[in-house]
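S.K.: Input sequences plus hints: build the corresponding full structure.
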Amino acid sequence: MDIWTVMNIIGLLSFAVVGSFKAIREGLDLFGITVLGTMTALGGGITRDLLVNNIPNALKTTTDITFALFGVVLAIVLYQIFKGEFKNKYFILIPDAIGLAAFTTTGALIAYSSDVSFFGIIILATLTGIGGGIISDILLGKIPTVLKDDFYASCSIIGAIAFYLSIQIGINVGSSAFICSVVVLTIRIFAIIYEWKLPRFN
Amino acid sequence: MDIWTVMNIIGLLSFAVVGSFKAIREGLDLFGITVLGTMTALGGGITRDLLVNNIPNALKTTTDITFALFGVVLAIVLYQIFKGEFKNKYFILIPDAIGLAAFTTTGALIAYSSDVSFFGIIILATLTGIGGGIISDILLGKIPTVLKDDFYASCSIIGAIAFYLSIQIGINVGSSAFICSVVVLTIRIFAIIYEWKLPRFN
Amino acid sequence: MDIWTVMNIIGLLSFAVVGSFKAIREGLDLFGITVLGTMTALGGGITRDLLVNNIPNALKTTTDITFALFGVVLAIVLYQIFKGEFKNKYFILIPDAIGLAAFTTTGALIAYSSDVSFFGIIILATLTGIGGGIISDILLGKIPTVLKDDFYASCSIIGAIAFYLSIQIGINVGSSAFICSVVVLTIRIFAIIYEWKLPRFN
Chain A
1 MDIWTVMNII
11 GLLSFAVVGS
21 FKAIREGLDL
31 FGITVLGTMT
41 ALGGGITRDL
51 LVNNIPNALK
61 TTTDITFALF
71 GVVLAIVLYQ
81 IFKGEFKNKY
91 FILIPDAIGL
101 AAFTTTGALI
111 AYSSDVSFFG
121 IIILATLTGI
131 GGGIISDILL
141 GKIPTVLKDD
151 FYASCSIIGA
161 IAFYLSIQIG
171 INVGSSAFIC
181 SVVVLTIRIF
191 AIIYEWKLPR
201 FN
Chain B
1001 MDIWTVMNII
1011 GLLSFAVVGS
1021 FKAIREGLDL
1031 FGITVLGTMT
1041 ALGGGITRDL
1051 LVNNIPNALK
1061 TTTDITFALF
1071 GVVLAIVLYQ
1081 IFKGEFKNKY
1091 FILIPDAIGL
1101 AAFTTTGALI
1111 AYSSDVSFFG
1121 IIILATLTGI
1131 GGGIISDILL
1141 GKIPTVLKDD
1151 FYASCSIIGA
1161 IAFYLSIQIG
1171 INVGSSAFIC
1181 SVVVLTIRIF
1191 AIIYEWKLPR
1201 FN
Chain C
2001 MDIWTVMNII
2011 GLLSFAVVGS
2021 FKAIREGLDL
2031 FGITVLGTMT
2041 ALGGGITRDL
2051 LVNNIPNALK
2061 TTTDITFALF
2071 GVVLAIVLYQ
2081 IFKGEFKNKY
2091 FILIPDAIGL
2101 AAFTTTGALI
2111 AYSSDVSFFG
2121 IIILATLTGI
2131 GGGIISDILL
2141 GKIPTVLKDD
2151 FYASCSIIGA
2161 IAFYLSIQIG
2171 INVGSSAFIC
2181 SVVVLTIRIF
2191 AIIYEWKLPR
2201 FN
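Protein chains in written order, with the numbering used here: chain A, 1 to 202; chain B, 1001 to 1202; chain C, 2001 to 2202.
Derived from the structure by calculation, the hints contain no laboratory data.
Worth double-checking, as some hints may not be accurate.
What the hints assert, rightly or not - Heads up, simulated DSBU-like pairs for lysine-lysine below, C-alpha to C-alpha not over 30 Å straight-line:
#1 B:K1089 / A:K60
#2 C:K2142 / A:K142
#3 A:K197 / C:K2148
#4 C:K2089 / A:K60
#5 C:K2148 / C:K2083
M.R.: This is the structure we're talking about:
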């Protein structure tokens, strides 16, 4: 199992835990928790696959959804133990950042192999990273957190630009994907530590 | 006209009535009522068709949308008469249950003929049954009822599993579809009578 | 540059400005404003392309998204100057009406060249015109304005019917598209001036 597979599994589990926690807190039932948890983990990739005209990978294979479902079970157990409050916020933020890096990179790779423009690559990479969280917030009738707070989507955007530039200067696709992951993860960790925010204008 | 066609028509009409009632109660205008009514009836099937990469059947033929539009008109008339309150709740819940059974089975059949996994069949069957209701709740800015209350999506999931198992043990597709319908409808009626609920964890 | 291109550019800019203004007022950050602005401009077309099984044009080319992004920048500047209040409401409503006409017509043309029914053409034309606004309202957790107030989607529906009838009586596609645009724009301007509304039933 390579580092890539490991990062994706960490991402699926942590995204599913984050989504399930939101659902438990809102008082959703077991089905609602399962939908929120799995959609947070898989929704970004499903949306990206729809946009490039593929049947979503999550519906064709069983691995991704199995990990997402395992994340839902994990969340229910963790919630009973910790009541949704972790003393150490890094306990969930760091795995989530690894997931963001892994998903963004998958998105960039699939976009690169499709018939899309520079903007298309940036959008599909970012959407793969943040789409699941947006869908779960919409299902809860909330303005998606990623549109209001934090320096989160911006990490994906910068990573996708790094991926594109790497390929433009002649670096091979595999190494460009690695660079994308490292850039997203590094910037996200800085953003967490220094509590970066984007400007508002109202 | 076979039993199958009849079930689908009952489903389109009752789903459109349920969706239109929600829209009328929220004070939407005639266009809003039409969108909510038709999307509740057709939204699950449209989403499923998108996921398996088909142009939605509802856009290619005129029958489904005609029944959905008829359901919207029916709802506006019924609302004037009953003011949205039916003395007998079974008056709407039983046709709705028939629709859930018909739509879940259509979804299972289309998923089975596509390139998806076991989980893909369950998801697409359930989504065909409950997707329209979820979309209409999202359009009203509400948490979809199906994620919070009732034993509704679970009927679709159990029906889809019954469909899959039937095929695995060698029963032909037609009979498996029939079994799926009967399972969804039976379980849903029990759920209505005994007011089943799924557990919550908050 | 023909009238058609000009109308589309006016539409992209004015839709992006309208969406960005909503985002700024809700206190979204720079990323949120960019998403709301670009999705208001491009979301209708993207949804239509998904439904007819095309990779969205907005992801394949760079022109549309460039104009949408320019609209976002324009909105931020205009907001600082006017604080989101224009003394003359026609300043934004007329360009928005031109956009509605242009987008509806594009939608009708693409639907006509796809394998969809009469209803499919009406739905895809209208969706191309109003889909972006609906998506941005959903992202803000609001009931889409177009479902509640105003005589807006109705202009697209009437324009799409005019397009369909023109083709049925033997007018060529180009002239039918022109008729569609003129009908949408004219009716929309009347609707603005005379404050037309659709009936409600609650």
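S.K.: Verify the proposed pairing of K1089 (chain B) with K60 (chain A), using a straight-line Cα cut of 30 Å.
M.R.: violated (40 Å)
S.K.: Keeping to a limit of 30 Å between CA atoms, is the pair of K2142 (chain C) and K142 (chain A) held or broken?
M.R.: It holds: about 9 Å lies between the C-alpha atoms, which stays within 30 Å.
S.K.: Going straight from one Cα to the other, do K2089 (chain C) and K60 (chain A) come out at no more than 30 Å?
M.R.: violated (51 Å)
S.K.: Under the criterion that the straight-line Cα-Cα distance not exceed 30 Å, is the pair K197 (chain A), K2148 (chain C) satisfied?
M.R.: violated (35 Å)
S.K.: Measure nothing beyond the straight line between the CA atoms of K2148 (chain C) and K2083 (chain C); if it is 30 Å or shorter, mark the hint as holding.
M.R.: holds (26 Å)
Of the hints listed earlier, those the structure fails to meet are numbers 1, 3 and 4, in rising order.
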